[in-house]
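Put chain B on the given structure of chain A with help from the hints.
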Amino acid sequence: MIMTIESIDRQKHPVLIDQMFRMRAEVFSSRLGWEVSVNDGRETDRFDDEDPLYLMSVNDETGVLRGAVRLLPTTGPYMLRDVFSVLVPGGAPESPLIWESSRFAINPRVFSVAERAEANHIVHKTTLELLCGIVEVCRSAGIDHVVSVFDARMARIFRAADCPYEVIGTPTRIGKTMTYAGVFEMTDTMRSRLGAVGDLPSTVLAGPSRQPEEGLAERHVA
Amino acid sequence: MKLIENNNLVNSLCEITNAATSAALNAVMASLASRHGVRSAAYLGAGMSGASNREPYLAVTYSPNWVEHYKDRGYVKIDPVIQTGMRRLLPLDWDEFGKLEGALKTFFGEAAEFGLGRRGLTIPVHGRRGDRALFSVTSDLSEREWEQEKIEYMRDFQLLAVHLHDKVLELEGEPVLRAKLTPRELECLQWISDGKTAWECSVILGLSEHTVRCYLESCRYKLNASSNTHAVSIAYQTGLFSQIV
Chain A
55 MIMTIESIDR
65 QKHPVLIDQM
75 FRMRAEVFSS
85 RLGWEVSVND
95 GRETDRFDDE
105 DPLYLMSVND
115 ETGVLRGAVR
125 LLPTTGPYML
135 RDVFSVLVPG
145 GAPESPLIWE
155 SSRFAINPRV
165 FSVAERAEAN
175 HIVHKTTLEL
185 LCGIVEVCRS
195 AGIDHVVSVF
205 DARMARIFRA
215 ADCPYEVIGT
225 PTRIGKTMTY
235 AGVFEMTDTM
245 RSRLGAVGDL
255 PSTVLAGPSR
265 QPEEGLAERH
275 VA
Chain B
44 MKLIENNNLV
54 NSLCEITNAA
64 TSAALNAVMA
74 SLASRHGVRS
84 AAYLGAGMSG
94 ASNREPYLAV
104 TYSPNWVEHY
114 KDRGYVKIDP
124 VIQTGMRRLL
134 PLDWDEFGKL
144 EGALKTFFGE
154 AAEFGLGRRG
164 LTIPVHGRRG
174 DRALFSVTSD
184 LSEREWEQEK
194 IEYMRDFQLL
204 AVHLHDKVLE
214 LEGEPVLRAK
224 LTPRELECLQ
234 WISDGKTAWE
244 CSVILGLSEH
254 TVRCYLESCR
264 YKLNASSNTH
274 AVSIAYQTGL
284 FSQIV
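Each protein sequence line maps, in turn, to chains A and B.
Throughout, the working numbering is defined as the position within the first sequence, counted from one, plus 54.
Throughout, the working numbering is defined as the position within the second sequence, counted from one, plus 43.
Isolated chain A, as found in the complex (with noise of 0.2 Å):
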């Protein structure tokens, strides 16, 4: 299940967002060594200041956080333009219509207790969840492109994924790893084609109703 958390809910969702900022510093700092700012264990930037929209994967049963990602649009700051515009010599896209997808995570804690063959069938399903509601969300908000900065580590799961996207501008290496700049088409096409890989026929997002708040009684604005 997918749970989409807007800043404005941040508050209702307070150990759901602590999961996500702990298993960033976990996969970029600990494990993949980027040069990112952790925390008290927590990896936040700038661009978590800027009323992002995250996705999470949840497991319906235990609530236990499997995954993240991060959407901002190309219209406010993000990541291509304004961090990694060496991948776009010739100037980064920019629209309403197409948003970023950055910060996505796999939480290495939900794979490191099972078995090989297991665990990487938790990252597989759990990737494709993720791909799927992004492009649920997309739809939803009538955004017809996504754009996303990933390193050949990611470029190798979306292949496994079957999910499609095309290089824009100079791909470079940054630190030890080559980095991409990548569009993905947000269509009902990519939707089905991720659906058939990851057996999600149907909608990944979480309903209103299934989106429960954590800890006190719901409370209305007012």
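Calculated from the structure, these hints are not laboratory results.
Since we're looking at a predicted model, the values are computed, not measured.
Mixed in with the good hints there might be a few duds.
A short, non-exhaustive set of chain B residues, derived as facing chain A with CB atoms under 10 Å [stated by the list, open to error]:
1. ARG187
2. LEU250
3. TYR279
4. GLY282
Pairs of lysine-lysine, DSSO-like flavour, derived with a Cα cap of 27 Å [unchecked claim]:
5. B:LYS223 - A:LYS66
6. A:LYS66 - B:LYS142
7. B:LYS193 - B:LYS142
8. B:LYS239 - B:LYS223
9. B:LYS120 - B:LYS148
10. B:LYS114 - B:LYS142
11. B:LYS239 - A:LYS66
12. B:LYS142 - B:LYS120
13. B:LYS223 - B:LYS193
Label-pair distances were calculated between CB atoms; the ranges are [to be verified]:
14. B:PRO99 - A:ARG163: 37 to 45 Å
15. A:ASP253 - B:SER251: 39 to 47 Å
16. B:GLU98 - A:ALA214: 19 to 27 Å
17. B:GLY117 - A:THR257: 34 to 42 Å
18. A:GLY117 - B:TRP242: 44 to 52 Å
19. A:VAL137 - B:PRO99: 47 to 55 Å
20. A:SER91 - B:ILE194: 34 to 42 Å
21. B:HIS112 - A:THR224: 52 to 60 Å
22. B:ASP136 - A:PRO143: 38 to 46 Å
23. B:ALA66 - A:GLU115: 53 to 61 Å
24. A:ARG170 - B:ASP237: 49 to 57 Å
By construction, the Cβ of each residue, glycine as well, lies at the ideal position given by its N, Cα and C atoms.
Quick look at chain B alone, frame taken from chain A:
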């Protein structure tokens, strides 16, 4: 049918571009509402000029009585559209507020009395410098029709929202400096100007058709164009094509 819809969008975007004053923009809001078949249209911009204490910019088709009543009652403090919309990315369907109670029930009840539609949709806009805006439309369609129309017109509303916001920034003396076209974007536009389709461009350039469409979408936005044809004509006028050898 599709062609007529696209013309609606093109006409509205052109009107927004041509609005030279706040008064003109208010008139544009009214014609935009009637053209797109919605009961009301409203733009609210905040965080411009970096002056957070400044009054938000308002361009609405609401009756002045409603605006006055809204201000008198201090409704901005409870208006869930503004309270949540400014910190959202996804379009906000007012049906999400669920069954209304107490002050909110009164608020939306009064809004309906002053002529707002029963259903509403708000598109959040994220600007480059922390500026934000909300573009809202209301409607009296049935739930089923609304669900359909909403999806059908979502792209148009997204485009209208950002174009309105950029126009307001311009009227407020802080025009958005749109980025230059990238070589690839310019190349796609050049082939369009030669009469090629997006598919033909994709074959010529060895890209997927989808990627060509993405480049063209970015071209239209950066040139403040309402269509590919418009983008081509702007490119000619500003001498962009002469840069290509």
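Do the hints match the structure? See the list:
| no. | hint | in the structure |
| --- | --- | --- |
| 1 | ARG187 | 17 Å, violated |
| 2 | LEU250 | 6 Å, holds |
| 3 | TYR279 | 20 Å, violated |
| 4 | GLY282 | 18 Å, violated |
| 5 | B:LYS223 - A:LYS66 | 41 Å, violated |
| 6 | A:LYS66 - B:LYS142 | 19 Å, holds |
| 7 | B:LYS193 - B:LYS142 | 20 Å, holds |
| 8 | B:LYS239 - B:LYS223 | 23 Å, holds |
| 9 | B:LYS120 - B:LYS148 | 15 Å, holds |
| 10 | B:LYS114 - B:LYS142 | 24 Å, holds |
| 11 | B:LYS239 - A:LYS66 | 51 Å, violated |
| 12 | B:LYS142 - B:LYS120 | 19 Å, holds |
| 13 | B:LYS223 - B:LYS193 | 32 Å, violated |
| 14 | B:PRO99 - A:ARG163: 37 to 45 Å | 44 Å, holds |
| 15 | A:ASP253 - B:SER251: 39 to 47 Å | 26 Å, violated |
| 16 | B:GLU98 - A:ALA214: 19 to 27 Å | 53 Å, violated |
| 17 | B:GLY117 - A:THR257: 34 to 42 Å | 39 Å, holds |
| 18 | A:GLY117 - B:TRP242: 44 to 52 Å | 46 Å, holds |
| 19 | A:VAL137 - B:PRO99: 47 to 55 Å | 30 Å, violated |
| 20 | A:SER91 - B:ILE194: 34 to 42 Å | 39 Å, holds |
| 21 | B:HIS112 - A:THR224: 52 to 60 Å | 56 Å, holds |
| 22 | B:ASP136 - A:PRO143: 38 to 46 Å | 40 Å, holds |
| 23 | B:ALA66 - A:GLU115: 53 to 61 Å | 59 Å, holds |
| 24 | A:ARG170 - B:ASP237: 49 to 57 Å | 55 Å, holds |
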